[in-house]
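Student: From first to last, the protein sequence lines stand for chains A and B.
Just so we're aligned, residue 1 is where the first sequence starts under this note's numbering, counting upward by one.
Just so we're aligned, residue 1001 is where the second sequence starts under this note's numbering, counting upward by one.
Hints in this document: simulated from the structure, not taken from any laboratory.
Warning: the hint list may mix true and false statements.
What the hints assert, rightly or not - What the simulated footprint calls covered on chain B by chain A, stretch by stretch (three residues with Cβ under 8 angstroms from a Cβ of chain A suffice, anywhere in the stretch; the number is not a length): (1) 1044-1050; (2) 1204-1211.
To be verified - Label pairs and their computed distance ranges (CB to CB): (3) B:Asp1061 to A:His22: 22 to 32 angstroms; (4) B:Gly1268 to A:Glu53: 22 to 32 angstroms; (5) A:Arg20 to B:Ala1358: 34 to 44 angstroms.
Unchecked claim - With a straight-line cut-off of 30 angstroms between C-alpha atoms, the simulated DSBU-like cross-links for lysine-lysine are: (6) B:Lys1356 to B:Lys1313; (7) B:Lys1019 to A:Lys61; (8) A:Lys81 to B:Lys1019; (9) B:Lys1594 to B:Lys1583; (10) B:Lys1019 to A:Lys67; (11) A:Lys89 to B:Lys1019; (12) A:Lys67 to A:Lys89; (13) B:Lys1590 to B:Lys1609; (14) B:Lys1489 to B:Lys1422; (15) B:Lys1609 to B:Lys1594; (16) B:Lys1178 to B:Lys1250; (17) B:Lys1471 to B:Lys1410; (18) B:Lys1410 to B:Lys1583; (19) B:Lys1613 to B:Lys1583; (20) A:Lys81 to B:Lys1178.
In this text, all values refer to a predicted model and were calculated from it rather than measured experimentally.
No residue lacks a Cβ here, since even glycine has one placed at the ideal position from N, Cα and C.
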Amino acid sequence: MAITMTSAAANHVSRYLQSRGHGAGIRLGVRTSGCSGMAYVLEFVDAVQDEDEVFEAEGVKIVIDPKSLLYLDGTELDFVKEGLNEGFKFNNPNVKNECGCGESFNI
Amino acid sequence: MALLQIAEPGQTPEPHQRKLAVGIDLGTTNSLVAAVRNGETATLPDHDGQHLLPSVVRYTDAEPEVGAGALAQAAKDPFNTIVSVKRLMGRGAEDLKALGGQAVYRFAPADGGMPYIETVAGRKSPVQVSADILSSLKVRAEDTLAGELEGAVITVPAYFDDAQRQATKDAAQIAGIKVLRLLNEPTAAAVAYGLDEGAEGVIAVYDLGGGTFDISILRLNKGVFEVLSTGGDSALGGDDFDLALAEWFKDQLQLTDIDARLSRELTGRARWAKEQLSTQASVEVGFDLSGGGSSLTVTRELFDSLVDNLIKKTLSACRRALKDAQVELDEVSEVVLVGGSTRVLAVRERVEAYFKRAPHVNIDPDRVVAIGAAVQADLLAGNKPDSEMLLLDVLPLSLGLETMGGLTEKVIHRNTPIPVAKAQDFTTYQDGQNGMVIHVVQGERELVDDCRSLARFTLRGIPPMAAGAAKIRVSFQVDADGLLSVSAKELSSGVVSEIQVKPSYGLADNEIADMLKASYSNAEEDMHARSLREQQVEADRILISLEQAIEADGDVLLSAEELQHLQEQMALLLQLRNGTNYKLIEKGVKELAKASDFFAARRMDLSIKEALKGQSVDDIEGDV
Chain A
1 MAITMTSAAA
11 NHVSRYLQSR
21 GHGAGIRLGV
31 RTSGCSGMAY
41 VLEFVDAVQD
51 EDEVFEAEGV
61 KIVIDPKSLL
71 YLDGTELDFV
81 KEGLNEGFKF
91 NNPNVKNECG
101 CGESFNI
Chain B
1001 MALLQIAEPG
1011 QTPEPHQRKL
1021 AVGIDLGTTN
1031 SLVAAVRNGE
1041 TATLPDHDGQ
1051 HLLPSVVRYT
1061 DAEPEVGAGA
1071 LAQAAKDPFN
1081 TIVSVKRLMG
1091 RGAEDLKALG
1101 GQAVYRFAPA
1111 DGGMPYIETV
1121 AGRKSPVQVS
1131 ADILSSLKVR
1141 AEDTLAGELE
1151 GAVITVPAYF
1161 DDAQRQATKD
1171 AAQIAGIKVL
1181 RLLNEPTAAA
1191 VAYGLDEGAE
1201 GVIAVYDLGG
1211 GTFDISILRL
1221 NKGVFEVLST
1231 GGDSALGGDD
1241 FDLALAEWFK
1251 DQLQLTDIDA
1261 RLSRELTGRA
1271 RWAKEQLSTQ
1281 ASVEVGFDLS
1291 GGGSSLTVTR
1301 ELFDSLVDNL
1311 IKKTLSACRR
1321 ALKDAQVELD
1331 EVSEVVLVGG
1341 STRVLAVRER
1351 VEAYFKRAPH
1361 VNIDPDRVVA
1371 IGAAVQADLL
1381 AGNKPDSEML
1391 LLDVLPLSLG
1401 LETMGGLTEK
1411 VIHRNTPIPV
1421 AKAQDFTTYQ
1431 DGQNGMVIHV
1441 VQGERELVDD
1451 CRSLARFTLR
1461 GIPPMAAGAA
1471 KIRVSFQVDA
1481 DGLLSVSAKE
1491 LSSGVVSEIQ
1501 VKPSYGLADN
1511 EIADMLKASY
1521 SNAEEDMHAR
1531 SLREQQVEAD
1541 RILISLEQAI
1551 EADGDVLLSA
1561 EELQHLQEQM
1571 ALLLQLRNGT
1581 NYKLIEKGVK
1591 ELAKASDFFA
1601 ARRMDLSIKE
1611 ALKGQSVDDI
1621 EGDV
């Protein structure tokens, strides 16, 4: 079981953490919602919970709860630019189909 | 696929529910758009990595061109390339003449006050030109944030009046942007530094741009920013620093024959040298002249001495602004620097020395206003549900209406926090009056003529009643952007009339400050004028009612002698009424009232007799 992050993603996360001033790392997760069943969660972490799994990529902590890990195992978090837009992208091998915009998905 | 941004713990938005809100600094020279992303507030660059969008629009046969491309064509195509349109916002055709040298465009003959500029793409109003700038920023924001904008906070100078604010709002509407709020530029700069989170204090915002200087004194009290005073110089900025240095180059290089091209070259070199001196102690400036190459050394000391007078000018404006605000220098708790020209080290040092405290300089002074607007936009869009901050502004000038005799009745006083709604009751002046003109004015003076007229509308259908019996409730409502709507309602019949104040022309930059000053310096004169008008209204009232009474019952109740005497007294009062001594008028009104008492008494007797005619005593007792 593992979650990884590209260097581009790690660089951006650590920059954002720095400008935010505090935070232990980044939380990845899933929750039920959206037009296609599941939606990704991407948040700063202030408190790591006891049951959380913690991975590390280039010095940045990736925090994930065990239930979400079932859906995200093998995911690589990437940071990409598309024209003027830029942001994080979940490369999740478990996804069967996602809604048109990719904000929610199905397994 | 959609790209994700990092949210605060527990605040990941629902898919497709992200509310995209931006802050827009719609500037005279440059405009910017900023947004909160990944917990960071930053201005958004275009495809070339440029954050500043020159506020320039060039009209062609095809789509209008906005920004750097348009600016590059300005010299070649001056009539179709509109620069500094912000100076025209909310102005009437009359105001444009005052702009003098600015008016290089071909203005179309104005109808209804709003000026139009003739371009190859047809007539364009300043509102439309601004809308084109805003559209360009909107496209940039939506491309960057990958979604439709929920809305925007747009900043305006603190001295912008109602007309100028409304014009800005109209421009946003044309550009398809929902305005979450208009925010004063100095307030936005203070918000960017998080000063609104402090408890209270006086904040000086020193804004030195390329061509303009603004100083604003704000007071923060319980989360409300009150603009105590504004001041500045609309023709002083960093460009003048460049000119001063270019002038020195000319002297040193002993240049006499200077054409436009060389002049631009010298100013360009001066600008470059100025920017270098913000980070180093001296700079070598090379010149490629027809007589051969040459170079000059510019030290910081030299540059500082060249711009010393210009900085002094800004500091005297600060002194005046503090005086207007009735604030002592040591009451100022925070100083914020805005505008690219505050990068000049001499400016920072002198401002620090003057206010005796270190100014806030951490945020890029070109972007700080847009960043503050973005922080506010994020909040208003509801992206920070646990935040309680509700930023308020205040009304810059009192709002009121005209009462009989051309007097101003203030309904909402200046410096009232907005949004606000207030109502006041008025009544009719004559018997059977069936309409009332509501004339909405803005300003501090006692006479309507000295205030600014905002709108005029008529309440019709008041049922016939005796003078003073009708009750008309006039409600003023100012929304969070400082925009006004007024409604009037006759309470017994319920007839309503209302107006959204949308004035077509505005006040000049310094006029608000001047209007305030005038209200202080003319206080005594105003008081006299008010008393005079009040007595004139009294005199008119008694003259009109006596005339009506004489017409109705004069032949029955008055002897020829009595009638003549009354008419003489009336003529006397009329004479006094047209003079300027209100005390004499007051006396005259009393005398005429006394002289006509007997007539009033006879009229009353007569009307009682009329009422009793044909009724028996029993009927009357039954009523009692």
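Student: For every hint, state whether the structure bears it out.
Tutor: Going down the list of hints, with the structure as the test:
1. Only residues whose C-beta sits within less than 8 angstroms of a C-beta in chain A count toward coverage, and the region 1044-1050 of chain B has 4 of them, enough to reach three; the restraint holds.
2. Beta-carbon proximity to chain A at under 8 angstroms applies to 0 residues in the region 1204-1211 of chain B; the threshold of 3 is not reached and the given coverage is violated.
3. Between Asp1061 of chain B and His22 of chain A the beta carbons are some 55 angstroms apart, a value that contradicts the proposed interval 22 to 32 angstroms.
4. Distance hint check for Gly1268 of chain B and Glu53 of chain A: the Cβ-Cβ separation is about 59 angstroms, which falls outside the suggested range of 22 to 32 angstroms.
5. The hinted range of 34 to 44 angstroms is not satisfied by Arg20 of chain A and Ala1358 of chain B, whose Cβ atoms lie roughly 25 angstroms apart.
6. Distance hint between Lys1356 of chain B and Lys1313 of chain B is fulfilled; the C-alpha atoms sit about 18 angstroms from each other, no more than 30 angstroms.
7. With a C-alpha separation of about 28 angstroms, the suggested pair Lys1019 of chain B and Lys61 of chain A falls inside the 30 angstroms cut-off, and the hint holds.
8. The straight-line distance between the Cα atoms of Lys81 of chain A and Lys1019 of chain B is roughly 21 angstroms, inside the 30 angstroms bound, and the hint therefore holds.
9. In summary, the hint linking Lys1594 of chain B to Lys1583 of chain B is supported, as the alpha carbons are separated by about 17 angstroms, within the 30 angstroms threshold.
10. As the CA atoms of Lys1019 of chain B and Lys67 of chain A are separated by approximately 28 angstroms, the hinted pair is consistent with the 30 angstroms bound.
11. Proposed proximity of Lys89 of chain A and Lys1019 of chain B is supported: the alpha carbons are some 19 angstroms apart, at most 30 angstroms.
12. A C-alpha spacing of about 20 angstroms is found between Lys67 of chain A and Lys89 of chain A, which places the hinted pair at or below 30 angstroms, so the restraint holds.
13. For the hint linking Lys1590 of chain B to Lys1609 of chain B, the alpha-carbon distance of about 28 angstroms falls within 30 angstroms, and the restraint holds.
14. Note on Lys1489 of chain B and Lys1422 of chain B: the hinted pairing holds, with a Cα-Cα distance of about 13 angstroms set against a maximum of 30 angstroms.
15. Distance check on the hinted pair: Lys1609 of chain B and Lys1594 of chain B sit about 24 angstroms apart at the alpha-carbon level, within 30 angstroms; holds.
16. For the proposed pair Lys1178 of chain B and Lys1250 of chain B, the alpha carbon gap of about 50 angstroms is over 30 angstroms, so the pair is violated.
17. A distance of roughly 18 angstroms separates the Cα atoms of Lys1471 of chain B and Lys1410 of chain B; the hinted pair therefore holds under the 30 angstroms criterion.
18. A C-alpha spacing of about 25 angstroms is found between Lys1410 of chain B and Lys1583 of chain B, which places the hinted pair at or below 30 angstroms, so the restraint holds.
19. Pair hint Lys1613 of chain B plus Lys1583 of chain B does not hold up; C-alpha atoms about 44 angstroms apart against a cutoff of 30 angstroms.
20. Pair hint Lys81 of chain A plus Lys1178 of chain B holds up; C-alpha atoms about 27 angstroms apart against a cutoff of 30 angstroms.
Against the hints set out earlier in the document, violations occur for numbers 2, 3, 4, 5, 16, 19.
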